[in-house]
Amino acid sequence: MVQSRDCTFAGPCRRLPISQSTDDCSELDAVPFIGNRENLLTSRSVSKAKPARAALQDQGAPKAKPRGRPRNSGAADEGETRKGILDAALKTFSLHGFGGASIADIARQHPVSPTLIHYYFANKEELWRSALEYGLGDVLRNLNETMNDLTEFDSVSRLKFFIRRYIAIVADRPEVFRVIIRESETRGPRLTWLSKKYLAPLYSLFTGLVEAAQKDGKIKSMVPPYHLSQIIAGASYQFIASRNRMLEAYGIDVLTKEVRDRHTNAVLEVLFTGILTDPRGGEFDD
Amino acid sequence: MSRQHRTNVKSGSFRSATAQGATAHSPLRLHSPGALEDRARRRTILNAALKTFSVHGFSGGSIAKVARNHGVSPALIHYYFQNKSELWRAALEHGIGDVVRELSDRLDDLTDLDSVTRLKFFIRRYIAIVAERPEVFDIITREGETAGPRLAWLTRQHLTPLYNLWTGLIEAAQAEGKIKATIPPYHLSQIIAGASYQFMASLVRMREVYGIDVSTKELRDRHTNAVLDVLFAGMLTFPVESRSSENA
Numbered sequence: 001m002v003q004s005r006d007c008t009f010a011g012p013c014r015r016l017p018i019s020q021s022t023d024d025c026s027e028l029d030a031v032p033f034i035g036n037r038e039n040l041l042t043s044r045s046v047s048k049a050k051p052a053r054a055a056l057q058d059q060g061a062p063k064a065k066p067r068g069r070p071r072n073s074g075a076a077d078e079g080e081t082r083k084g085i086l087d088a089a090l091k092t093f094s095l096h097g098f099g100g101a102s103i104a105d106i107a108r109q110h111p112v113s114p115t116l117i118h119y120y121f122a123n124k125e126e127l128w129r130s131a132l133e134y135g136l137g138d139v140l141r142n143l144n145e146t147m148n149d150l151t152e153f154d155s156v157s158r159l160k161f162f163i164r165r166y167i168a169i170v171a172d173r174p175e176v177f178r179v180i181i182r183e184s185e186t187r188g189p190r191l192t193w194l195s196k197k198y199l200a201p202l203y204s205l206f207t208g209l210v211e212a213a214q215k216d217g218k219i220k221s222m223v224p225p226y227h228l229s230q231i232i233a234g235a236s237y238q239f240i241a242s243r244n245r246m247l248e249a250y251g252i253d254v255l256t257k258e259v260r261d262r263h264t265n266a267v268l269e270v271l272f273t274g275i276l277t278d279p280r281g282g283e284f285d286d
Numbered sequence: 001m002s003r004q005h006r007t008n009v010k011s012g013s014f015r016s017a018t019a020q021g022a023t024a025h026s027p028l029r030l031h032s033p034g035a036l037e038d039r040a041r042r043r044t045i046l047n048a049a050l051k052t053f054s055v056h057g058f059s060g061g062s063i064a065k066v067a068r069n070h071g072v073s074p075a076l077i078h079y080y081f082q083n084k085s086e087l088w089r090a091a092l093e094h095g096i097g098d099v100v101r102e103l104s105d106r107l108d109d110l111t112d113l114d115s116v117t118r119l120k121f122f123i124r125r126y127i128a129i130v131a132e133r134p135e136v137f138d139i140i141t142r143e144g145e146t147a148g149p150r151l152a153w154l155t156r157q158h159l160t161p162l163y164n165l166w167t168g169l170i171e172a173a174q175a176e177g178k179i180k181a182t183i184p185p186y187h188l189s190q191i192i193a194g195a196s197y198q199f200m201a202s203l204v205r206m207r208e209v210y211g212i213d214v215s216t217k218e219l220r221d222r223h224t225n226a227v228l229d230v231l232f233a234g235m236l237t238f239p240v241e242s243r244s245s246e247n248a
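Protein chains in written order, with this note's numbering: chain A, 1 to 286; chain B, 1 to 248.
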């Protein structure tokens, strides 16, 4: 944590027009984070300085310069600030896409100072990648670990557990999945990065579970695992992703706990046993 | 009339000059023999608009962008469409309006079939429609991101009629006791639509991750059959036996 903080700082130190002690990051690091940053802003750069900044600086100034490095409180603040920026970035990118959003947009729509964003992230690409790592990285790693912990369960129960988790994840992080959909409209380096880093791991979790259940002879093998997992994902995701459309058409909020739980149970029921009341009776239709 | 007037105002383009010339000197060109050509030109513009809006969204798209990306003259677009909103609405009407109306007629023709067969027919048609018109569904997805007047219009004009077809079929099958009635029709139809749509919508992702093209006929057919099999009979090889593991 502390290490990476120093590293993040190293970039902006060089970029900001600091007149003296250019590379002495440790000195800047010594003051509580907020005050430190505002001092930085008001004393140099400043072409876009606004009155609000002065006020912020006033708040920051009295705390000035405790000796030593109050790393703990600083790191916590910093974590919060960074998280705030990443949340804002996810929202903006999910609505406007990578091309349609800029650091200035993100700053404007979610009152953060653009300079603060630049302090943490070298450029839009880095911000975009960090936002996805923040939105999806831990989730995937946790899911992976949990699945490993469940190896004793039978393959169908594991697949069901995974589907439940998947629905919870897409419901909790609508922005992340909108960004993924947005990025997959066109091929390019961002989609390649996204696929390598997050989609392929997520898909292989999915297909691994489907494959295991197919090998056990518990679920049908009429299509390859990657294909079946897309059908499962679609059945799970669409309803949740249709939130605004469902509000508009039926006045129903799919994100309430009640509707979400009903959805999860309905998806499992439909996918595993089908929608027919009497499957054998319906067979002649095929 | 007002369109022609507007063309006059937006002068300076070769195409707009011809359009003026046509009305002034040979009115026939815009009517009898030209009518076909006229419709073709309009269709070209609407297809270009669908592509542009599906990639850039409404606010990110502009008449100039539509024109630039697809080699149509902006003046020609302005000749047919008053502004971006009108173009956007016309593009969606072109992309989905007829399809939904046709589908509705076709289902009416099939009233003699049993409800499950009709639902299966509808799912087959739905998959074909989303596969053939990715731009339209990209736009619907895009507009679904934020509530607003465009989503309200889209819902009223095109989504509700489409959803009504879905829920009508499901309701009928539920009323006959053929499909499970534990889930309300509007909800069940979203699960079916998602199972049908996602794989087709993942064209670029599937290409990137697995190197496969889901728009080939072979994969599309396999998808359709897989969706029907999963939805109607379930994925489990022995549904009844495995029931016990449900609550694990």
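Hints are supplied without guarantee of correctness; some may be wrong.
Claimed, not checked - Footprint (simulated), chain B over chain A, 3 or more residues, beta carbon under 8 Å:
| hint | stretch |
| --- | --- |
| 1 | 111-124 |
| 2 | 215-224 |
| 3 | 237-245 |
| 4 | 260-271 |
Unchecked claim - In silico lysine to any residue, SDA-like type, Cα no more than 20 Å apart, as pairs:
| hint | chain 1 | residue 1 | chain 2 | residue 2 |
| --- | --- | --- | --- | --- |
| 5 | A | Lys220 | B | Arg220 |
| 6 | A | Lys196 | A | Lys257 |
| 7 | B | Lys217 | B | Ala128 |
| 8 | B | Lys84 | A | Lys220 |
| 9 | A | Lys257 | B | Thr182 |
| 10 | A | Lys197 | A | Leu116 |
| 11 | A | Lys124 | A | Arg141 |
| 12 | B | Lys217 | A | His96 |
| 13 | A | Lys91 | B | Asp138 |
| 14 | A | Lys196 | B | Ala128 |
| 15 | A | Lys215 | A | Thr186 |
| 16 | B | Lys180 | A | Lys197 |
| 17 | A | Lys220 | B | Lys65 |
| 18 | B | Lys65 | A | Asp138 |
| 19 | B | Lys51 | A | Lys220 |
| 20 | A | Lys257 | A | Thr277 |
No lab work stands behind these hints, which were simulated from the structure alone. Because the structure is a prediction, the values reported are computed rather than measured. Idealized CB from N, CA, C, for every residue including glycine.
The hints, checked one at a time:
no., hint, verdict
1, 111-124, "violated (count 0)"
2, 215-224, "holds (count 6)"
3, 237-245, "holds (count 8)"
4, 260-271, "holds (count 8)"
5, A:Lys220 x B:Arg220, "holds, 19 Å"
6, A:Lys196 x A:Lys257, "violated, 33 Å"
7, B:Lys217 x B:Ala128, "holds, 10 Å"
8, B:Lys84 x A:Lys220, "violated, 49 Å"
9, A:Lys257 x B:Thr182, "holds, 18 Å"
10, A:Lys197 x A:Leu116, "violated, 27 Å"
11, A:Lys124 x A:Arg141, "violated, 25 Å"
12, B:Lys217 x A:His96, "violated, 33 Å"
13, A:Lys91 x B:Asp138, "holds, 19 Å"
14, A:Lys196 x B:Ala128, "violated, 30 Å"
15, A:Lys215 x A:Thr186, "violated, 35 Å"
16, B:Lys180 x A:Lys197, "violated, 40 Å"
17, A:Lys220 x B:Lys65, "violated, 48 Å"
18, B:Lys65 x A:Asp138, "violated, 39 Å"
19, B:Lys51 x A:Lys220, "violated, 38 Å"
20, A:Lys257 x A:Thr277, "violated, 27 Å"
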